[in-house]
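Once you've looked at the hints, dock chain S against the given chain U.
Protein chains in written order, with this note's numbering: chain U, 5 to 158; chain S, 5 to 790.
I should point out that these hints are in silico values taken from the structure, not numbers from a laboratory. Cβ coordinates follow ideal geometry from the N, Cα and C atoms, glycine included. You may find that some hints are simply not true.
[Stated by the list, open to error] Result set (DSBU-like, lysine-lysine): computed pairs, CA atoms no more than 35 angstroms apart in a straight line: (1) Lys-437(S) / Lys-453(S); (2) Lys-147(U) / Lys-7(S); (3) Lys-6(U) / Lys-36(S); (4) Lys-147(U) / Lys-660(S); (5) Lys-95(U) / Lys-33(S); (6) Lys-14(S) / Lys-95(U); (7) Lys-27(S) / Lys-147(U); (8) Lys-11(S) / Lys-575(S); (9) Lys-147(U) / Lys-458(S).
[Stated by the list, open to error] Rough simulated footprint, nothing fancy, chain U against chain S, three-plus residues with beta-carbon under 8 angstroms: (10) 20-26; (11) 202-210; (12) 509-520; (13) 718-730.
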Amino acid sequence: MKITVKVNGVAHTHEVEPRISLTHYLREILDLTGTHIGCDTSGCGACTITMDGKAVKSCTILAVQADGSEITTIEGMANGNEMHPIQAAFKEHHGLQCGFCTPGMVMTAVDILKNNSNPTEEEVRHGLEGNFCRCTGYHNIVKSIRHAAEQINS
Amino acid sequence: MEKFIGKSVKRREDARFLKGAGKYTDDIKLPKMTQAAFVRSPYAHAKILSVDTSEAENAEGVVAVFTAQDGCGEYGVPCGWQVDFKNGETMREPQHPLLAKDKIRHLGEAVAIVIAESLELARDAAELVEVDYEELPAVTDPKKAMEDGAPLVHEQWADNAAFDWCIGNDRAEVETALASAYHVTELEYRNQRLAPNAMEPRSYIADYDVNADKWTLYTSTQNPHLIRLLLCAFALGIPEHKVRVVSYDVGGGFGSKIYHYTEEALLTWASKEIGRPIKWTSDRSEAFLTDAHGRDHVVHSRMGFDKEGKIVAHLTDEYCGLGAYLSTFAPAVPTYLHGTLFQGVYTTPLIHLNVTAPFTHTVAVDAYRGAGRPEATYLLERIISKGAQEMNMDPTEIRLKNFIPPFDGVEQPGYQTQVALQYDSGNYHAVLKRGLEMLGYEDFRKEQKEAREKGRLLGVGFSTYIEGCGIAPSAVVGALGARAGLYEVGQVRVQPTGKVSVYTGAHSHGQGHETVFAQFVADKLGIPMDDVEIEHGDTEQVAFGMGTYGSRSLAVGGSAIVKSIEKILEKGAKIAAHKLEAAEGDLEYAEGKWTVKGTDKSVSFGDVSLTAYVPHDYPEGLEPGLDFSSFYDPSNFTYPFGTHIAVVEVDPDTGKVDLKRFVACDDVGNVMNPMIVDGQIQGGVAQGVGQALLEEVVYDEGGQMITGSYMDYAMPRADDLPMIESDRTVTPCPHNPLGVKGAGEAGAIGSTPAVVNAVVDALAHLGVSDLQMPLTPQRVWKAMQN
Numbered sequence: 005m006k007i008t009v010k011v012n013g014v015a016h017t018h019e020v021e022p023r024i025s026l027t028h029y030l031r032e033i034l035d036l037t038g039t040h041i042g043c044d045t046s047g048c049g050a051c052t053i054t055m056d057g058k059a060v061k062s063c064t065i066l067a068v069q070a071d072g073s074e075i076t077t078i079e080g081m082a083n084g085n086e087m088h089p090i091q092a093a094f095k096e097h098h099g100l101q102c103g104f105c106t107p108g109m110v111m112t113a114v115d116i117l118k119n120n121s122n123p124t125e126e127e128v129r130h131g132l133e134g135n136f137c138r139c140t141g142y143h144n145i146v147k148s149i150r151h152a153a154e155q156i157n158s
Numbered sequence: 005m006e007k008f009i010g011k012s013v014k015r016r017e018d019a020r021f022l023k024g025a026g027k028y029t030d031d032i033k034l035p036k037m038t039q040a041a042f043v044r045s046p047y048a049h050a051k052i053l054s055v056d057t058s059e060a061e062n063a064e065g066v067v068a069v070f071t072a073q074d075g076c077g078e079y080g081v082p083c084g085w086q087v088d089f090k091n092g093e094t095m096r097e098p099q100h101p102l103l104a105k106d107k108i109r110h111l112g113e114a115v116a117i118v119i120a121e122s123l124e125l126a127r128d129a130a131e132l133v134e135v136d137y138e139e140l141p142a143v144t145d146p147k148k149a150m151e152d153g154a155p156l157v158h159e160q161w162a163d164n165a166a167f168d169w170c171i172g173n174d175r176a177e178v179e180t181a182l183a184s185a186y187h188v189t190e191l192e193y194r195n196q197r198l199a200p201n202a203m204e205p206r207s208y209i210a211d212y213d214v215n216a217d218k219w220t221l222y223t224s225t226q227n228p229h230l231i232r233l234l235l236c237a238f239a240l241g242i243p244e245h246k247v248r249v250v251s252y253d254v255g256g257g258f259g260s261k262i263y264h265y266t267e268e269a270l271l272t273w274a275s276k277e278i279g280r281p282i283k284w285t286s287d288r289s290e291a292f293l294t295d296a297h298g299r300d301h302v303v304h305s306r307m308g309f310d311k312e313g314k315i316v317a318h319l320t321d322e323y324c325g326l327g328a329y330l331s332t333f334a335p336a337v338p339t340y341l342h343g344t345l346f347q348g349v350y351t352t353p354l355i356h357l358n359v360t361a362p363f364t365h366t367v368a369v370d371a372y373r374g375a376g377r378p379e380a381t382y383l384l385e386r387i388i389s390k391g392a393q394e395m396n397m398d399p400t401e402i403r404l405k406n407f408i409p410p411f412d413g414v415e416q417p418g419y420q421t422q423v424a425l426q427y428d429s430g431n432y433h434a435v436l437k438r439g440l441e442m443l444g445y446e447d448f449r450k451e452q453k454e455a456r457e458k459g460r461l462l463g464v465g466f467s468t469y470i471e472g473c474g475i476a477p478s479a480v481v482g483a484l485g486a487r488a489g490l491y492e493v494g495q496v497r498v499q500p501t502g503k504v505s506v507y508t509g510a511h512s513h514g515q516g517h518e519t520v521f522a523q524f525v526a527d528k529l530g531i532p533m534d535d536v537e538i539e540h541g542d543t544e545q546v547a548f549g550m551g552t553y554g555s556r557s558l559a560v561g562g563s564a565i566v567k568s569i570e571k572i573l574e575k576g577a578k579i580a581a582h583k584l585e586a587a588e589g590d591l592e593y594a595e596g597k598w599t600v601k602g603t604d605k606s607v608s609f610g611d612v613s614l615t616a617y618v619p620h621d622y623p624e625g626l627e628p629g630l631d632f633s634s635f636y637d638p639s640n641f642t643y644p645f646g647t648h649i650a651v652v653e654v655d656p657d658t659g660k661v662d663l664k665r666f667v668a669c670d671d672v673g674n675v676m677n678p679m680i681v682d683g684q685i686q687g688g689v690a691q692g693v694g695q696a697l698l699e700e701v702v703y704d705e706g707g708q709m710i711t712g713s714y715m716d717y718a719m720p721r722a723d724d725l726p727m728i729e730s731d732r733t734v735t736p737c738p739h740n741p742l743g744v745k746g747a748g749e750a751g752a753i754g755s756t757p758a759v760v761n762a763v764v765d766a767l768a769h770l771g772v773s774d775l776q777m778p779l780t781p782q783r784v785w786k787a788m789q790n
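Chain U extracted, bound-state conformation (with noise of 0.2 angstroms):
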């Protein structure tokens, strides 16, 4: 099937297996391989991305029900050299270590934000559930989104 998707503001139209998820598509055609795969249960939350403004899991997605979509992944939230406030933080608070999950955190922190402007820990706690960090203990990724928070507000 043929598909039409923007990510990371390109347009991109390729021809698909109707099997493929989005995951495979952004990293096996786009070769966008920022995008991680951890699970296959939609457990870990590695792949997660913005669809349309919404953080979703990539590996629950079908590669054409994204045709027509706007995407955005890890890789385009910098601008150029200069990082996100999102991944700054990230990077000020040691919100990562291995950085396996951290594209998929950074992502669903893109939307924590959105709908959130100044979490409580708590809140970011509960906006993490579905994200797995097996190095960090969560505890400098809940402060690097509370620190992007402000940062982003100030």
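Leaving out everything else, chain S in the frame of chain U:
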């Protein structure tokens, strides 16, 4: 010159990860690369009656299908540690084939590999492989595996034991002391099986180059050189100098990526057969079935006390499951990495541990964050707290009574334990005192009392742990059965322009070596951190190495780099003396330059570097160049320690445990980068809390795994945890040049018993004195009803 040691320097690796530009193995695409899928057994124990691959071979896009009949890796993957029976019988070491031939011994064992033009086509074709099995009864519990009539994992031996082992004082002597003890506390439990769950699933690409007759293996490993050695010398018997192993970014390890896995060897073999690169990336379901698990000890322990609460003796029997085959480090985990920590931080005069280690029809059990030490700590910290509860003592008072007095390993000698080791330095009183201050212990007990009166169940739990890190003195571990040395290699190459490339055999998969190692190298050389680059993870770049595990990177790998820096400065001084026309003895090195003492005559590191590579006016007889490599073999292990305190509230209606506070005061020796040490502790604590409250791999009686996905295996999520309150005391390691002890595993080692002790404390007035992990609401609720 700016100094970096001890500062929370932000990580230089972060930019690539935050921009989605990390290079994990699955991100790599090679020209003409094929994809593999495995045909795995749906049974834990079965005879393979037949395998029919004909339909799969003819399926669309299939390049090749291989089974054990095709002669892949006749040796199998090796085990790296030998622990013989107490009676001298050699450890029973079954062959671990790359593909199962006649017999299946655990769920998910691979029977065939299907290689195709794409992953989808490989998976489609794998479904067409017909395997005829005859299912057999299985045993998955380590204690049941040793019962008469238990199904045998390997028929060539009369029972399932791989070995048995003991450590400590004479058993009869310990029994006698227990018989005459004022009080004996008994504990029986299972230290449950865990899945390490690094977020990046294992991933490999094998690429055989027919023209060069060379292999490249891209692999998600914690120790590329070790994989190369095991692959070449044991699994395949191929020449080591023709194999390059590359491990770029790795998405977490926690032990599970130390081991040499069958898939790595099989892909390497098959790549030559088909003459093309092959990629395989595990999915999470395969990871649950095939990554080595951790823990799985069945424990029975008794600790005797005198009437003041001093420990007089400690006796333990354990059944420790090894799984169907011996994984790389497996025999060391329930023995030398476990029993040697049974002293804890206490002066216990008599200790005996007896271990029976059987095979079971499960995937292998090996080191998982802490490896044997969390199991030892859990036992010690639970049983001493239970002892205090039974003797109506405060859990901190009983600990203080039994602590080994402070010793720095310099003025006061190291502490000789009853279980082989000599601790390097420790101050257990100070770290408990600080932990209690952080908690506000007295206020908490008041709050707890008031809460109880209102029907609220608050509890506090302590763990005053010690662990052994920085493995290890090669001669010591060699005597204990290791088949490898455990030194580390560090090369410092000063470039002609004075920029410095450092090559380390340690491997970073989240620890931040690229930043931390550059911090101390810059300080030791007195140059800017930007002038130092840390390289790791490629056997063609780094001379050799043993990799990262056992919190060893800085203590062993860092020390190797320091040795090379010393050689650089020694040679640099000769060049500087020549340039300054002074005697070497009259020079001092500081702030990146050699100065003639008491004068303003100096020469910079950069000038000396250039002269070393452009040796026109140069000391006679001195070789050009400024590039040194060192092997550092430590003289002892390191022994980090600390106090972990959990505060919980239990829901009286549901039994759900809410972890309200977690206080971690750790002593990891000198600290290079506090931000990174805190991060290591926080992450470790989360894993330890996961074991206490949530996680367990469950196999049913037939060997089916009923926790094989994130729908069933409960890993901690963000809302399961509070912020971790951390602080430190600093007791430097006296025997390595950086004075560091290691911080990678402490969090996971100390935290688990603190949480369980807290829940027992919350319910103690209801008569609860023990709970089995994980402390699910159902288990806690049931305990409250009894």
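Hints, verified against the model:
1. Lys-437(S) / Lys-453(S): Distance of about 22 angstroms is within 35 angstroms: holds.
2. Lys-147(U) / Lys-7(S): Satisfied, since the Cα-Cα distance of roughly 27 angstroms is no more than 35 angstroms.
3. Lys-6(U) / Lys-36(S): With Cα atoms ~25 angstroms apart, Lys-6(U) and Lys-36(S) stay inside 35 angstroms; holds.
4. Lys-147(U) / Lys-660(S): holds (26 angstroms)
5. Lys-95(U) / Lys-33(S): OK: Lys-95(U) and Lys-33(S) at ~28 angstroms, within 35 angstroms.
6. Lys-14(S) / Lys-95(U): Holds. Lys-14(S) to Lys-95(U) sits at ~7 angstroms (cutoff 35 angstroms).
7. Lys-27(S) / Lys-147(U): holds (26 angstroms)
8. Lys-11(S) / Lys-575(S): holds (29 angstroms)
9. Lys-147(U) / Lys-458(S): Holds, at about 34 angstroms.
10. 20-26: Holds: 7 residues of the region 20-26 of chain S have a Cβ under 8 angstroms from chain U.
11. 202-210: holds (count 4)
12. 509-520: Three-residue rule met by the region 509-520 of chain S, so holds; n is 4.
13. 718-730: holds (count 8)
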